[in-house]
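The opening position of the sequence shown corresponds to residue 71 in our numbering, with each subsequent residue numbered one higher.
In short, the hints are calculated from the structure, not lab data. Values in this document were obtained by computation on a predicted structure and should not be read as measured data. Virtual Cβ for every residue (Gly too), placed ideally from N, Cα, C. Heads up, some of the hints might be wrong.
Here are the simulated SDA-like pairs of lysine to any residue, each with C-alpha atoms no more than 25 Å apart in a straight line [said to hold, decoys possible]:
id : residue 1 : residue 2
1  : K243      : I159
2  : K221      : V202
3  : K166      : I178
4  : K93       : G174
Here are the in silico distance ranges between beta carbons for each label pair [said to hold, decoys possible]:
id : residue 1 : residue 2 : range
5  : T215      : D150      : 42 to 52 Å
6  : E200      : K143      : 38 to 48 Å
7  : T131      : N237      : 44 to 54 Å
8  : T89       : A134      : 29 to 39 Å
9  : N237      : L158      : 20 to 30 Å
10 : N216      : V139      : 44 to 54 Å
11 : D229      : T151      : 35 to 45 Å
12 : T92       : T215      : 19 to 29 Å
13 : T151      : N177      : 18 to 28 Å
14 : Q104      : T126      : 18 to 28 Å
15 : D150      : Q102      : 33 to 43 Å
16 : D125      : N216      : 48 to 58 Å
17 : L147      : K221      : 32 to 42 Å
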Amino acid sequence: MESPVILQVVGYQNSGKTTVITKLVKRLKEHQIQTGVIKHHGHNDRLDLNDSGKDTERHRTAGASITSVISAKNSILSMDTELSINQLIEIYTVLKMDCIIIEGYKNIQYPRAVLLRDKKGDIDLFNRSETVIALIHENDVKINTNPPQFKWDEEKWLDFLVQYILNGYKERKGS
Numbered sequence: 071m072e073s074p075v076i077l078q079v080v081g082y083q084n085s086g087k088t089t090v091i092t093k094l095v096k097r098l099k100e101h102q103i104q105t106g107v108i109k110h111h112g113h114n115d116r117l118d119l120n121d122s123g124k125d126t127e128r129h130r131t132a133g134a135s136i137t138s139v140i141s142a143k144n145s146i147l148s149m150d151t152e153l154s155i156n157q158l159i160e161i162y163t164v165l166k167m168d169c170i171i172i173e174g175y176k177n178i179q180y181p182r183a184v185l186l187r188d189k190k191g192d193i194d195l196f197n198r199s200e201t202v203i204a205l206i207h208e209n210d211v212k213i214n215t216n217p218p219q220f221k222w223d224e225e226k227w228l229d230f231l232v233q234y235i236l237n238g239y240k241e242r243k244g245s
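Using the sequences and the accompanying hints, generate a full structural model.
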């Protein structure tokens with residue numbers, strides 16, 4: 071089974087991670103790239119499933135570890151346990167995703183785009199990153215380093231990230 075291209079987008083709260091991922095997913099869809107997103111919820115509270123009064127809630131309350139509901143237009147899977155990032159990647163691979171974008175998981179290392187708001191406060195995130203493929207920053211942040219750097223508001227980073235994923239996809243497909 072072919073492994074998907076994996077890109078991680080990291081940054082501190084309100085750095086623009088969701089905006090980057092949303093724009094990237096839209097562009098990848100234009101290229102017919104099946105993209106799955108994994109978002110790390112960095113808090114210890116329980117996620118809200120919004121299925122109050124539904125059969126899936128009754129199944130879960132009765133003790134089901136996994137529930138799913140499938141219709142002609144979509145499927146929803148819910149689990150009563152935390153999955154590891156590796157388990158999620160395996161699931162997305164089985165579902166034949168061409169690309170997986172990971173939002174967050176600062177301490178887990180995949181090829182990543184690092185979003186910096188300010189040099190002083192965020193530089194430690196860059197310094198702790200092993201494989202930075204792009205650095206996206208505010209206008210006043212400039213670091214003397216190797217990976218390509220992009221100003222947030224110019225959006226050249228979007229073309230670069232799309233091309234990175236397309237190149238990885240073609241390489242995996244052998245074309």
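| Which earlier hints turn out false for this structure, listed by number in ascending order? | Hint check: nothing fails, all pass.
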